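Undergrad: Here are the chains, one letter per residue:
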Amino acid sequence: MDLYTKLPQSIKCPVSQEKGSKKKPIREYLTDSLPARYTGFEALEHKAHVLDSVRKKWQKPEKGKGRNRLSVNDRRKLNIFELKAEGLRFEDYLPLHRLWQDYMRSILDLSRYNSTDPNHSKLNNERLLKADFHGCLVVVRKTKCPSLLGLAGIVLMETKNMVKIIAKDNKIKCIPKASCMFSFQLDGFLFTIHGNQFCVSAAQRTKRKFKQKATVEL
Amino acid sequence: MAASMNDVLNTGKLVFERSSFKNEKENHKMTILNQYFNHTVQLLLPGTEDLPADMDTLLIQEASFLVREVPLSFFLNEEFIEGFVKSGLMQALSVGTCVDNENCIALLPTGVLLLSVCTDTYQDIGLEGRPSEWPNKHVIEIDLTDKNFRSGNKLHARTKSCFNERWTLKWDFLVNWTPKDPKICSTSIQNYFKHQNIVCNRLKFTKHVQKHKQLMVPTFCPDSFECSGKQIMQSGDCGERPCDQYEVFEWLGACALGVEMTGNGVGDYISNYTCPSPNTTVPAAVCASYSSMFSSHTIQLLMEKLRDFMQTKDQRWCSVTVHGFMDAPVAWRRDHGFHSNGDNLYTFVLFQNGDYWQIRALGPQDNCV
Numbered sequence: 001m002d003l004y005t006k007l008p009q010s011i012k013c014p015v016s017q018e019k020g021s022k023k024k025p026i027r028e029y030l031t032d033s034l035p036a037r038y039t040g041f042e043a044l045e046h047k048a049h050v051l052d053s054v055r056k057k058w059q060k061p062e063k064g065k066g067r068n069r070l071s072v073n074d075r076r077k078l079n080i081f082e083l084k085a086e087g088l089r090f091e092d093y094l095p096l097h098r099l100w101q102d103y104m105r106s107i108l109d110l111s112r113y114n115s116t117d118p119n120h121s122k123l124n125n126e127r128l129l130k131a132d133f134h135g136c137l138v139v140v141r142k143t144k145c146p147s148l149l150g151l152a153g154i155v156l157m158e159t160k161n162m163v164k165i166i167a168k169d170n171k172i173k174c175i176p177k178a179s180c181m182f183s184f185q186l187d188g189f190l191f192t193i194h195g196n197q198f199c200v201s202a203a204q205r206t207k208r209k210f211k212q213k214a215t216v217e218l
Numbered sequence: 001m002a003a004s005m006n007d008v009l010n011t012g013k014l015v016f017e018r019s020s021f022k023n024e025k026e027n028h029k030m031t032i033l034n035q036y037f038n039h040t041v042q043l044l045l046p047g048t049e050d051l052p053a054d055m056d057t058l059l060i061q062e063a064s065f066l067v068r069e070v071p072l073s074f075f076l077n078e079e080f081i082e083g084f085v086k087s088g089l090m091q092a093l094s095v096g097t098c099v100d101n102e103n104c105i106a107l108l109p110t111g112v113l114l115l116s117v118c119t120d121t122y123q124d125i126g127l128e129g130r131p132s133e134w135p136n137k138h139v140i141e142i143d144l145t146d147k148n149f150r151s152g153n154k155l156h157a158r159t160k161s162c163f164n165e166r167w168t169l170k171w172d173f174l175v176n177w178t179p180k181d182p183k184i185c186s187t188s189i190q191n192y193f194k195h196q197n198i199v200c201n202r203l204k205f206t207k208h209v210q211k212h213k214q215l216m217v218p219t220f221c222p223d224s225f226e227c228s229g230k231q232i233m234q235s236g237d238c239g240e241r242p243c244d245q246y247e248v249f250e251w252l253g254a255c256a257l258g259v260e261m262t263g264n265g266v267g268d269y270i271s272n273y274t275c276p277s278p279n280t281t282v283p284a285a286v287c288a289s290y291s292s293m294f295s296s297h298t299i300q301l302l303m304e305k306l307r308d309f310m311q312t313k314d315q316r317w318c319s320v321t322v323h324g325f326m327d328a329p330v331a332w333r334r335d336h337g338f339h340s341n342g343d344n345l346y347t348f349v350l351f352q353n354g355d356y357w358q359i360r361a362l363g364p365q366d367n368c369v
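Protein sequence lines correspond, in order, to chains A and B.
Following the numbering used here, the numbering of the first sequence begins with 1 at its first residue and continues without gaps.
Following the numbering used here, the numbering of the second sequence begins with 1 at its first residue and continues without gaps.
Do not take every clue at face value.
Taking lysine to aspartate or glutamate and the EDC-like style, the derived pairs with C-alpha atoms no more than 20 Å apart in a straight line are [said to hold, decoys possible]:
no., chain 1, residue 1, chain 2, residue 2
1, A, Lys144, B, Asp120
2, A, Lys144, B, Glu141
3, A, Lys144, B, Glu82
Sample of chain A residues lacking proximity to chain B, with all beta carbon distances greater than 12 Å (derived) [what the hints assert, rightly or not]:
no., residue
4, Glu91
5, Asp92
6, Leu123
7, Leu137
8, Lys144
9, Gly150
10, Leu151
11, Gln185
12, Glu217
Hint data in this document are derived by calculation from the structure and do not stem from the laboratory.
Treat the numbers as computed from the prediction; the structure is a model and nothing was measured.
We put the CB at the ideal spot given by N, CA and C, even for glycine.
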């Protein structure tokens with residue numbers, strides 16, 4: 001009868017054709033199911049290991065696949081928070097400063113300062129709080145530490161507690177925000193930032209609601 | 001029902017020392033020479049009819065000047081530093097500034113420009129300093145005689161830019177200069193100021209002399225002082241328990257103020273203070289008070305003249321009180337503050353055998369070594 005005939009050649013399992021890789025799938029399966037602490041199964045030769053409840057090794061998700069942010073370690077590897085200590089020139093950042101000035105002019109309507117309505121300047125101040133100050137030419141006006149007074153430069157980086165600026169003599173200076181009062185000028189208007197009220201990172205500043213503190217003393 | 005005195009504010013300190021001028025350590029020089037800014041000198045000579053002429057001339061001829069509208073950049077002048085600060089004892093004190101809540105400037109005879117500034121000013125000017133011993137103030141000390149302090153030096157450049165651009169206020173100063181070279185007249189400082197177009201006038205001194213007849217004077221001797229662990233000794237010529245240092249000091253103050261002590265004592269309306277007993281009556285005494293700005297060098301000379309006077313005239317005792325300025329930022333090389341008062345005065349009571357009593361009265365915001 002036809003029930004007992006052999007399978008036709010075309011539908012036979014292709015694995016059996018690769019005779020060399022017969023042992024390999026088994027090896028691969030075993031390596032995967034071993035816990036991470038065993039380096040190879042030579043260590044298990046005399047030990048019995050249950051293959052039933054094995055935790056899968058944690059696979060690092062690839063970049064761009066499902067996670068949009070960089071971890072702290074990734075950031076450290078990419079050196080996002082590092083600035084070259086030397087080799088940067090003040091003149092190179094003047095175009096950035098001009099760019100920043102245009103950006104500021106577009107978000108602030110400076111004619112509002114000339115109006116008598118108090119709400120107008122309030123609108124401007126709220127915008128100032130959320131603005132980005134990279135590229136701003138700041139001067140330290142008042143400070144608890146006298147050696148910091150008078151430092152002026154273009155802001156290269158702003159973190160939660162520090163402001164990194166490049167001064168005219170091409171030196172990078174790190175200024176703590178909490179002990180200083182900064183000021184910058186734009187089109188004849190002089191703006192003052194009280195550093196001790198401003199100790200928030202630039203990204204957080206867009207979301208955070210600032211409370212009015214009792215005094216503006218340093 | 002007396003109230004407990006737990007939270008009483010300190011209103012001052014009294015420091016008593018007893019020593020001899022012949023002592024090798026010469027502590028009296030420390031007291032006199034370290035107190036730079038002296039305002040009033042009061043002499044009391046019991047048993048003398050007239051004030052000795054040499055002491056009078058010494059105090060009258062003190063060359064102190066009042067200069068107006070001087071900016072701080074003046075003190076950084078090279079010729080000023082070389083010609084006056086380094087070649088003598090130059091001192092200056094800002095006038096009309098209260099030391100507890102305003103900025104005070106002082107140039108010490110050691111060549112240090114001392115700025116006693118409020119916290120707001122300290123945060124504005126950018127010169128390195130230290131917090132003062134007394135609250136809400138910082139002290140900035142700039143050593144003008146430092147050989148590195150000249151143009152080309154970073155500190156000098158920063159100080160100069162601060163005084164020329166950030167802090168350009170003008171002050172009135174009391175100025176006094178004692179040159180090292182005795183041939184140079186100390187009034188040449190006035191010519192220098194006039195040359196710089198700064199108004200400089202001789203400081204008017206006030207002199208007040210009171211001659212007493214039949215003055216009651218307390219009886220005491222060099223050993224009749226009270227301190228912990230020591231009783232007042234009854235030496236032969238003092239008789240019964242003599243007056244201690246507090247009674248003598250109080251009596252000296254009453255004399256200087258001109259308090260009437262001839263009354264009955266109890267029952268008088270204005271004052272019932274009398275001379276402490278035991279006391280003797282001297283036929284004549286002279287009480288003199290001079291007010292100007294005296295340098296510590298002048299006081300030292302005065303002290304030597306007083307010692308000679310004691311030797312020649314065979315006096316039992318005499319006293320001299322020197323008051324410092326209430327608004328000076330330094331007293332005896334430490335920070336001086338003004339709380340409820342700004343006393344920083346000292347009294348020397350000189351005895352015949354070369355012993356002396358030294359009593360210092362300090363305000364609450366004062367620490368002296």
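Undergrad: Each hint: holds or not?
TA: Each hint, compared with the structure:
1. Proximity of Lys144 of chain A to Asp120 of chain B is assessed by CA-CA distance (about 9 Å); at most 20 Å being required, the pair is judged to hold.
2. For the given pair, Lys144 of chain A sits about 17 Å from Glu141 of chain B by alpha-carbon distance, which is consistent with the 20 Å threshold.
3. Restraint check: the Cα-Cα separation between Lys144 of chain A and Glu82 of chain B comes to about 34 Å, which exceeds 20 Å; the hinted pair is violated.
4. Interface exclusion of Glu91 of chain A from chain B stands, the closest Cβ pair being 24 Å apart, more than 12 Å.
5. The Cβ of Asp92 of chain A lies farther than 12 Å from every Cβ of chain B, with a closest approach of about 27 Å, so its non-interface assignment holds.
6. No beta-carbon of chain B comes within 12 Å of the beta-carbon of Leu123 of chain A; the shortest separation is about 31 Å.
7. With 12 Å as the threshold on Cβ separation, the claim that Leu137 of chain A sits away from chain B holds: the shortest Cβ distance comes to roughly 19 Å.
8. At roughly 6 Å from the closest C-beta of chain B, the C-beta of Lys144 of chain A falls inside 12 Å, breaking its exclusion from the interface.
9. For Gly150 of chain A, the requirement that its beta carbon stay farther than 12 Å from each beta carbon of chain B is not met, with the minimum near 6 Å.
10. The claim that Leu151 of chain A is not at the interface with chain B is violated, since a C-beta of that chain comes within 12 Å of its own (minimum 10 Å).
11. Non-interface call for Gln185 of chain A relative to chain B: holds, since the shortest CB-CB distance, roughly 17 Å, exceeds 12 Å.
12. For Glu217 of chain A, the condition that its CB be more than 12 Å from all CB atoms of chain B is violated, with the nearest at approximately 9 Å.
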